[in-house]
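Construct all of the structure, not just a fragment, from the sequences and the given hints.
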Amino acid sequence: MSRRVLLAIALAAGAVHAATLEVRARDTGGAPLADAAVFAVPAFGATDAKGARVEIAQADREFVPFVSVIQQGTAVSFPNRDPILHHVYSFSHAKPFEFKLYTGKSPGEIVFDKSGVVTLGCNIHDWMIAYVVIVPTPHFAKSDADGVARLRDLPAGSYELRAWHPNQKVAPANQSVVLDAAANSRATFAIDTAPRKPKFKPPLDRLRY
Amino acid sequence: MADPLTRPKVSRLSSLGTRLVIFFVALLVLVQGLGAFLVIQANSQIARQTIDQELEQGERVFRRLLAQNQARLEQGAAILSADFAFRQAIATDDGGTIASVLRNHGARVGATVMMLVSLDKVVKADTGDPSRIGRPFAFPALIDAGTAEGKASSIVLLGERLHQLVVVPVLAPDPIAYVGLAFEVDDAAAQEMNRLSGLEVSFVSGQGEASRLHASTLAPALRTALSGALASLPPGGAFREVDLGGEEYETRTAALPTSTASVVAVLQKPLAVGLAPFLRISTAFFWLTAAGLVALVIGSLVIARSITRPVSRLADAARRVQEGDYTRHLEPAGRDEIGELAVSFNHMLDGIQSREKEILRLAYEDGLTGLPNRAMFNQQLEQAVRTARRESQPLAVMIFDMDRFKAINDTLGHPVGDQALREVGLRVRKALRDSDVVARLGGDEFAILLATGSAEHAIRVVAGKIIGCLEAPLVIDGQSMDIAASIGIARFPEHGEEASALMRAADVAMYAAKRSKSGFEVYDPTHDERRQEYLSLLGELRRAVEAGELVLHYQPKMSLAENRTTSVEALVRWRHPTRGFVPPSEFIPFAEQTGYISSITRWVMGRAIEQAGEWHRLGLGIRMCVNVSARDLRSEDTLVQYVWAALLAAELPPGMLCLEVTESSLMDDPRSAQSTLRKLRDLGIATSIDDYGTGYSSLAYIKQLAVNELKIDRAFVSGMEADSRNAAIVRSTIELGHNLGLSVVAEGVETEHELAELRRFGCDVIQGYLYARPMAAEALEGWLGGTRERAGGSLRATTTSARALRGER
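Residue numbers (our numbering), protein chains in the order written: chain A, 1 to 209; chain B, 1 to 809.
Please keep in mind that the hints were generated in silico from the structure rather than gathered at the bench. There could be a bad hint or two in this list.
[Claimed, not checked] Quick list of in silico lysine-lysine cross-link-like pairs, DSSO-like style, CA-CA up to 30 Å:
1. K201(A) <-> K517(B)
2. K124(B) <-> K95(A)
3. K199(A) <-> K121(B)
4. K95(A) <-> K121(B)
5. K124(B) <-> K100(A)
Written as structure tokens, this is what we have:
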């Protein structure tokens, strides 16, 4: 999926000089933070994604992935790969919705047309949680286990660099960056986080329910 | 002195019973009291501990209940917060829907107040008090705790009311809001606590004066009391007694989890409830003690009576013994100590009975003769007198004693005398009918009670029989002796109506018989008169010496060798102022009995020696002879000293004095007589044995005595003419006397024949009416002059009347 997105970004910015912005997400103690959403909003020309499709699956009674970063206007489907039913819902203002009790193929697609963070839950399984970060820019990335998120093929220009992390106490301050063509830049976000208390997940019983 | 046996028996017995009862009751009360004290003390301690334990346990139950309640509420809240529709309503931010959902769910879980609080802790909805909407939530700490723990709860004051507030986050699945559920802690909640813990439960907020009672299981009145006592409630965990409406409550406070004001639960239990079981034990204890006391009193009394009843029977028996009834034995009374006592008592009765018989025998029987004694005789006489009086029958009493018995006793010794008395008793007893009573009154005195119906002549026959049976000589230890009795007879009713009068009459008659030597005399009132005279004479005799009523007459003694008067015997005479002349035989024996004889002897001695001194100075050459009694002889020194003093005073040579001692008086106390005589002889005073032959002294004994002279008793002299045996006695006596170197005097010489015989026998001196009567000093002086003139002249003839008088000694 991400490859396709990246491909699309690359296709869109291919005409101009492009650069890569490497952003490091760390907590206040300097430890790398994974699953941090990092996105750069160009000073001009915020755009919706057209026809972009993303999947947030349910597998092993978890949402996969835990954090999804998508461009505004992306349609997201919620395939259920578990042998049991799930009831996916969102009470977030950015996109409240629900898919009641289904399995297998996603009952439909949700187009996230507003930027913001949507928290996903399952009405059956309280511990299941996932976040969808909807950004108004095609330039976004998610930090890896090393806490590094790379924004590639960024056209030269001015950007507002933002970050979000599911464990953040407060949103980190936005950073303004100006990128030259072909010049790779770096940025770092130190995010004040609170450790996430894992919710109790009952083990599977014999019948794998 | 109070006799213990006559004391009222009830008090004595009851006192024993009472003492037993008091002792045991006191013991039981003491032991039970001590036990009760300890038990009650331990009980109250245990009761308190038990209550305290109950309170602690109650507190644990209470806290558990509280926790369970909280958990239930939290569960309710959690379920609510997870409700999809509820979350949806919140997510939609639809105020009206939210409020109605809250109300609906509140009713479902029984919450009093439902609240919705935003993530920024502002109240979004409140079913209890809408005025709180839009304001900051009052218990932010609960939000934080709820975020961290997923739930939080506390006892809080919502307004004025006490609530248990539970806060849980609404998860979607991250918290999107908080929902608060409040449950009021009211009386119903307290009742629920009470139902499960069994304690009185009250909820109090604030401290000291500001404290408030919010809910309680107590009755309204007690709540007021508790409110009053709130200020002094103990801190949590401590126990304390609180008086509510007159009842003591053990009280403990339990602090409750609270975020704002201090809220405590007051847990109480009435002490009485805890003490109740112990009260029941104490009551049982009390009744047990009371029952024990009753049983003890009854038991003690029964035991006491089981002791005292036999004891009182013993006491009764002892009282009967005291009254002289020995015949009733005690019934055997068990095998205990008292039974043994009863057996011993019966043995004692037998002992007393047999001893009393012996004592009675001794008391009423004469040990010597086996005859009844005086006491027995008196009893029988009294009995006989009563019978005789009732049946108008005559009866007679005889009293007799042995003539000259004293002589037998003195000379042959008491064993012989006793045997003589025994023999007399036997003879008299044998001589009389069995119905006659023969008794020994004492000494040689016997009494006879003749059976009724005895007439005068019959009495005389009996008296004759008695005299007759005593005529035969007694032979004792081979020695033969003559005895004779003088019998006095008195008859009922002529001589006395009473036993004592009869005895006295018989006694008087006996003395009359002795005097008359007639053998027996029947009582005559004239006897009595003479006896009366004796008695008054005795009284007057004391006066006689001082009054000068006594005079001395002197009877001359003639020496047959010289045919002249060589000595005189001084004889006392009593010239009574009213009675005239009283013969010595009337008063000398009585003077001897009373001891007054010493005074008389002393006077006679003094007077005679004085007279002799006078005659000695006149050159008459006459020796003075003075009689000395047995009593004087015993007081040897006094006599010797007095005589010597008198001799000196009269300037009389000792040889001119002769003291005459009767033979029987020598036998009274031979040793002192011998000593006195020796002292007198050493002084040169002559001594003579008077009435020789009446006693039983042997010549061998006389030989040892320091005497100069022997006087032959008149009885032998006057009997010489009638009985040749008497003459032989006189003759042999004179010869024996001479052989012993003694001069021999014959007294009572009254006839020429006697004089001639005496002269023939070689008698040295004669004395008697034939020669001269006793005469006064002047008369004697005159008479002496006369005899000198007709020296060797014939002696005057005696008269029979003079002989009968026997005034001389």
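Hints and how they fare:
no. : hint                : result
1   : K201(A) <-> K517(B) : 169 Å, violated
2   : K124(B) <-> K95(A)  : 23 Å, holds
3   : K199(A) <-> K121(B) : 23 Å, holds
4   : K95(A) <-> K121(B)  : 24 Å, holds
5   : K124(B) <-> K100(A) : 29 Å, holds
Hint check: a violation occurs at hint 1 only; the rest are consistent with the structure.
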